[in-house]
Amino acid sequence: MILGQIGFLLLVSSLIFSIYLIYLIYFNYKSVSDIISIKIYTFTFLQLITILFSFFFLIFSFVNSDFSLVSVYQNSHTTKPLFYKISGTWGNHEGSLLLWLLVLSLFSFFFLIQSRNDLKKYRLLTILFQNLIIIGFLVFIIKTSNPFLSLYPVPLEGLGLNPILQDPALAIHPPILYLGYVGSSIVFSSALAAMIEKYVNKIWASSIKIWIMISWIFLTIGIMLGSFWAYYELGWGGFWFWDPVENVSLMPWLTLTALLHSIIILEKRETFHSWTLILAIISFTLSMNGTFLVRSGILNSIHTFANDPARGLYILIFLSILAFFSLIIFYLFQPEKKETTRFFLFSRETSILINNWFMIFFLVVVLIGTIYPLILEILNNSKISVGPPFFNILIIPFLIPFLIFMSIGPRMNWINTENKSIIKKKLLHLLVIIIIFSPMFFYFDKKNILSLSIFILGIFLLLSLLNELKEFFIKSKIRNISKIISHLGFAILIISISLNNIFSIEIDTNLKVGDSYKFKKYELVFQNISGKVEKNYNSVIGKFILKDIKNDIIYLNPEIRIYENPPMITSEASIKNNFFYDNYITMSNIQGGEYYNIRFQKKFMMLWIWISALVMAFGGLLRVFKK
Amino acid sequence: MKIKLVLFIVFNIIFNYNYVYSKNNNLDLHKQISKNIRCIVCQGQSIDESNSDFAINIKNLISAKLEEGLNEEEIYQFLKSRYGEWIVYKPELNINNFILWILPYALFIAGGFYIFTKLIKKKKKININRY
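Line order of the protein sequences matches chains A and B. Taking this note's numbering, the leading residue of the first sequence gets 1, the next gets one more, and so forth. Taking this note's numbering, the leading residue of the second sequence gets 1001, the next gets one more, and so forth.
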């Protein structure tokens, strides 16, 4: 009880510090001295510490199952394992916003320390914008989403955390995703500050690049963890559903990826100032949009919006103010066009522009596919669903030129590629690869043509990159190794997804104990079922044997879990994998019978989809540590 | 030479793999249709992914309609007339959804046009400067 009150007081004092900081920044900005006053450091630190402790107190309350707090009562339970009591802290709207705020102030503090070599006024303005965002969040939390709201009389038991959220990957997924989202706030604030201070140049580009990289890395890993969780926990065997909640995390990833590329032009060639700034602004707006849309529940249906009008309204107003003012700043302080920058059609600049062109296209598809149904429902009250078919039709064909450009583009020189033979050589390689793989087109069903084309181009990209790696290690030519590794990750991702699409098998049938089911070269035997009692659930475990023609045997044990707090039944997949494919099985009970619904899938290259995301992030990490 | 060798090996692996899985491993039509139908009583699931009563009923309905000889598009139309456009994951191209389908392409073309006119202009300028 008392911890909760202290936690709330800490939040309020943090708000006071933030407001005081703005006052300090104002006077420091006007003063002639070249250094940032020590007071600003002190109060930024205090701001961080108060939020940190407030967050700790919330965690303590969750660990102690202090049900006098509404958020603990609604999301925790005494029988829950300690790990999930802790992760329950950010498994709900209020707690997750506090975590967001914590990361925001943490990054703000790190920026202040790390940017010592930059201009004073630019640093001050960046911190100023950070503080405006922090204040916005503090007011939002205190007014509409207070995690320390108390409850009387104190209930004896909590309602429990949704069982499908009780999972290790999902416990760390939000913090990592938030590090990515919030990292882009620094990029946003510093872009605005640099614009006002006429500091949008090489030096700014190279100092902000590291922040773009950091948020991109966290976002990549965060998205991958979410997708991994959906794969093994939801029991459908897919890894990407084009669900609105997934889409909102993909959008800032796309703009950050575009930004990562365009910032290189700014750094190396001092051009595309305005475009880079726009990307920086959009990235953060989309990040914030993502958190809010997911947390406010607008996405599932417009009607949940009405459940808490105060929250929704605040979100909308805060976002609009932020977007509006950044546009005004952009309009007023937009960098002047310089005529010094020239480049030719066959240049690195063009290839990076092409990358941005496609990235923005993908962004528009995802954005419009996600919000169009919402807008349409408001405008003329008609409900439509925009699902996988829409996204696949629009995005997949565009991957074909995208992959070709991605294989050739990085081989261009800055300004102009005098020696065009490299392009001819690449196109020749492509032709050879297409000829070698072309028999596959006759061999497979027509439906796979697109997947096959993507696969072939994935191989083309992979080979180009391996060639670059060879030049790096054997001929010791100077190459950007972190770029090669990240692109390699993307090539593996593309190849894995296309093969997964072509070769995966899916069986859906109803079996009872003792039954067996034959398909292709396999036989699936349902041997028996057994029960088990765990701390927070009971489960029914099925024992299955999968035999193939060579009589290799794989044991699979899917579960049906019955949770009591809150009451819920979940199906746990049993996954046995090797390097090339996953055997994935789930079972669920059919009401009033001895039959179970069995869904068995052989998923090709699944492991490589996760590995590829890690490889991409690892490439970025190399760049961060090289600095 | 090495590249060709690698390609040869990759190629072979894929072909041999394909012998293990037989040729026609595509989802059958029923599955394909179910994946495109929203389970309207669930949260963001297709009826293929759900075991709710609603999903089971619709799956049975699809089987029945397939036996009657309806094709994929006719089944979608039938379900739409019964449950509204919302039930299908692929929105149709009509006046309501025109922007949804057209805007991404339009922006892509506009963006490309902008980039390349800019590049061509630049090229001309450079040429002029050379003389």
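What the hints contain is simulated information worked out from the structure, not anything from laboratory work. Ideal placement from N, C-alpha and C gives every residue a C-beta, glycine not left out. Some clues are possibly wrong.
[Claimed, not checked] Straight-line distance between alpha carbons at most 20 Å, and here's what the computed SDA-like set of lysine to any residue pairs gives:
#1 B:Lys1035 - A:Tyr232
#2 A:Lys143 - A:Leu9
#3 A:Lys383 - B:Arg1082
#4 B:Lys1035 - A:Leu9
#5 B:Lys1090 - A:Pro397
#6 A:Lys543 - A:Phe346
#7 B:Lys1118 - A:Glu270
#8 A:Lys383 - B:Lys1118
#9 B:Lys1118 - A:Glu233
#10 A:Lys426 - A:Lys543
[Stated by the list, open to error] Ranges of calculated distance between the beta carbons of each label pair, as one might list FRET restraints:
#11 B:Lys1031 - A:Phe473: 37 to 47 Å
#12 B:Ala1064 - A:Ile449: 26 to 36 Å
#13 A:Phe580 - B:Cys1042: 26 to 36 Å
#14 B:Phe1078 - A:Phe110: 57 to 67 Å
#15 B:Phe1054 - A:Phe519: 39 to 49 Å
#16 A:Ile2 - B:Phe1098: 37 to 47 Å
#17 A:Thr79 - B:Ala1064: 39 to 49 Å
#18 B:Phe1054 - A:Ile22: 27 to 37 Å
#19 B:Ala1064 - A:Lys520: 51 to 61 Å
#20 B:Lys1031 - A:Gln334: 28 to 38 Å
#21 A:Ala310 - B:Ala1064: 14 to 24 Å
#22 B:Phe1054 - A:Pro389: 13 to 23 Å
#23 A:Asn381 - B:Asp1053: 39 to 49 Å
#24 A:Leu379 - B:Lys1031: 31 to 41 Å
Taken at face value, is the distance from the CA of A:Pro397 to the CA of B:Lys1090 at most 20 Å? holds (17 Å)
Hint check: B:Lys1035 vs A:Tyr232, CA-CA at most 20 Å. Holds or violated? The given pair, whose Cα atoms are some 19 Å apart, holds under the 20 Å limit.
Using the beta carbons of A:Ile2 and B:Phe1098, state whether their distance is inside 37 to 47 Å or not. violated (59 Å)
When you take the CB atoms of B:Phe1054 and A:Ile22, is the distance between them in 27 to 37 Å? Roughly 54 Å apart at Cβ, these two residues miss the hinted range, so it is violated.
Pairwise beta carbon distance, B:Ala1064 to A:Ile449, judged against the given window 26 to 36 Å: With Cβ atoms ~31 Å apart, the hint holds.
B:Phe1078 and A:Phe110, beta-carbon distance inside 57 to 67 Å? Given a distance of about 58 Å, which is inside 57 to 67 Å, the answer is holds.
Range agreement (Cβ of A:Lys520 with Cβ of B:Ala1064, hint 51 to 61 Å): violated (27 Å)
Regarding the pair B:Lys1118 and A:Glu270, is the alpha-carbon distance no greater than 20 Å? Roughly 17 Å between the alpha carbons, so the hint for B:Lys1118 and A:Glu270 holds.
Does A:Lys383 pair with B:Arg1082 here, judged by a C-alpha cut-off of 20 Å? The hint holds at about 14 Å.
Assessment of proposed distance window 39 to 49 Å (beta carbons of B:Phe1054, A:Phe519): violated (27 Å)
For the pair supplied as a hint, B:Lys1118 and A:Glu233, confirm whether the alpha-carbon distance does not exceed 20 Å. violated (49 Å)
Has the given pair, A:Lys383 with B:Lys1118, been kept, meaning a C-alpha gap of at most 20 Å? violated (41 Å)
In this structure, the hints that do not hold are numbers 4, 6, 8, 9, 10, 15, 16, 18, 19, 20, 21 and 23, in rising order.
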